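J.: Sequence order for the protein chains is A and B. Each residue of the first sequence is one higher than the one before, starting from -3 at the first, in the working numbering. Each residue of the second sequence is one higher than the one before, starting from 392 at the first, in the working numbering.
Mixed in with the good hints, there may be bad ones.
[Stated by the list, open to error] Simulated restraints on C-beta separations:
hint	chain 1	residue 1	chain 2	residue 2	range
1	B	484	A	54	29 to 37 Å
2	A	54	B	596	51 to 59 Å
3	B	415	A	141	46 to 54 Å
4	A	118	B	519	31 to 39 Å
For the record, the hints were derived by calculation from the structure and aren't laboratory data. Computed from a prediction, not measured in an experiment: that's the story for all the values here. We put the CB at the ideal spot given by N, CA and C, even for glycine.
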Amino acid sequence: MILETEALAKRYRRRWALLDGTVSIPDGAIVGLVGPNGAGKSTFLQLIVGLLAPTGGTVRVLGGTPDAAMRSGRVGFVAQDAPTYAGLTVADHLQLGAGLNPHRWDAAAARERTERLGLAPGQRAGRLSGGQRAQLALTIALSKRPDLLVLDEPVAGLDPLARRAFLDETVAAATDAGSAVVLSTHLVADLARTCTHVVVIAAGRVRLAEAITDPAGLERVVLDELGRAA
Amino acid sequence: MIRLAVRQFRDSAWTALAGLISLVAVVLATRPHLTEAAAAARRDCGSDARCPALVSFVLDNTGSRTVAGLLVIVVPALIGAFWGAPLIAREFEAGTHRLVWAQSISRGRWLAVRLAVVGTATVAATTLLSMLVTWWAAPLDDSAAAVYGTFDARDLVPIGYALFALALGVVAGLVTRRTLPAMAITLAGLLTVRIMVTEWVRPLVVAPRVMDRPLDPDTTGYGSGGNILLGIGESRLDPEPPDIPDAWIQSTDIVDAAGTPLTDQVLKASCPTIGQESGGGPARPVTEAVRQEMHDCVVRIGERYHEVVTFQSGDRYWTFQWWELAVFVALAAVLVACAGYRVRRFSGG
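Given only the sequences and the hints, what does the whole structure look like? Please build it.
T.: The structure is reproduced here in structure tokens:
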């Protein structure tokens, strides 16, 4: 298993953002994490990559703690809104990736990917479009050649055509690299084409976690589950 | 990692460098005039340290000397507010902590490297600034012979203030996660700690020297001191502080042979008319009769009482400088340790 969580819970002051999050994800899976806004998806993903500490429960990523997994450089993460340094250029960001991941960085692949996507090295990240910034952040995550790629709402800011292209390209890149992917979205339609597994979260609880056997019927299954939660 | 920290600091470094270069230009342009004027005043004065030419040389340059001192006092505050406060707060505001903390490098190391880069720049900039101003003002400071008057704007202590302000800014930014409140906390905190150390810690460093001397009827007056904020003290007999070059006079008191201070009752008994002339209104020259009465009063008091002066002599200047530097560097170290602990144990929320 590449990712296992058990009874994972996170409380912010008084409010429980996540309760009883239990999932296990096999190697090579492409997992879609779906749920309405504010359901706890971001909290769940940040617990996986160690940006948050759980209030209760356990997380095992690549067989160890999230912290150890992050230190090994085998996990790539793109946070919501794909944060980048507005004042730094594309080339600066690639250098940043290399410097912050000294033992696990594919500089050639990073350069090749930014060239292919038309990201000029001298361009400041603050002047890139939302889609280009997401691509830049994804490039940093992918160039670590991660075993697990975690993406928080990677397509939220993109128009429908761009989201499809972005998702297809991301999954292709991850599959080439042999990475498992966990990505969150609030649109079920994003998942059906690309994912092998689905996890439904609503109101801080994991409602459903299973392999996708019938992509065509997925939307109905998910909506039924969310309807029951409401 | 060092490249990223340097890259993120580059714009600030250029600003600081530009400021320092313009200061060097001003210092180099104006200092020859100061040395010339000081030399001329000394030629006129010979060995007399209190002669009018030296005094007026210092007074004529009070404005620029004050500005130079203020610069040294303000720069540490600016470093705390503009280098310290945004260091982590801006990462939170832009969400980039989720980028940089999701890489192979640990948060503790990330913070250590960033602090090392900005801390080195802080030490370099304030050392250079303080050296420049100390060197520029040396002719004035030598003539003024009051080393403690410019204590916090010369030599070593500005470096300590700047390091402390920087660390305070970093911790404030880490706690508030927003740049503007962190800047405000930094400025208020620096001001508070500077005042507390100046008022309460600095006098504790070395026990003051004590000097006894008879009351001088010609220079002892009667009145009260203080300010509106902290209250105005009772009126009392007030001897003029002795004129010791470079000394920091901490107190002047009137006591008898047993060490008992002069009380108001004793004073009123010896000099029944004292204090009755002042009916308020604008200050005006006193009449010869009042002056004579005051003189006789002090002579009567002086039969049993004398003046005790506590002071720090100028040769202890460096002891105070090193101690104050150590105090602020230690405070900065405690704050850095807090920041390290908080960053490593950061649990979101």
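J.: So, for every hint listed, does it hold in this structure?
T.: Taking the hints in turn, this is what the structure says about them:
| no. | hint | result |
| --- | --- | --- |
| 1 | B:484 - A:54: 29 to 37 Å | holds, 32 Å |
| 2 | A:54 - B:596: 51 to 59 Å | holds, 54 Å |
| 3 | B:415 - A:141: 46 to 54 Å | holds, 50 Å |
| 4 | A:118 - B:519: 31 to 39 Å | holds, 33 Å |
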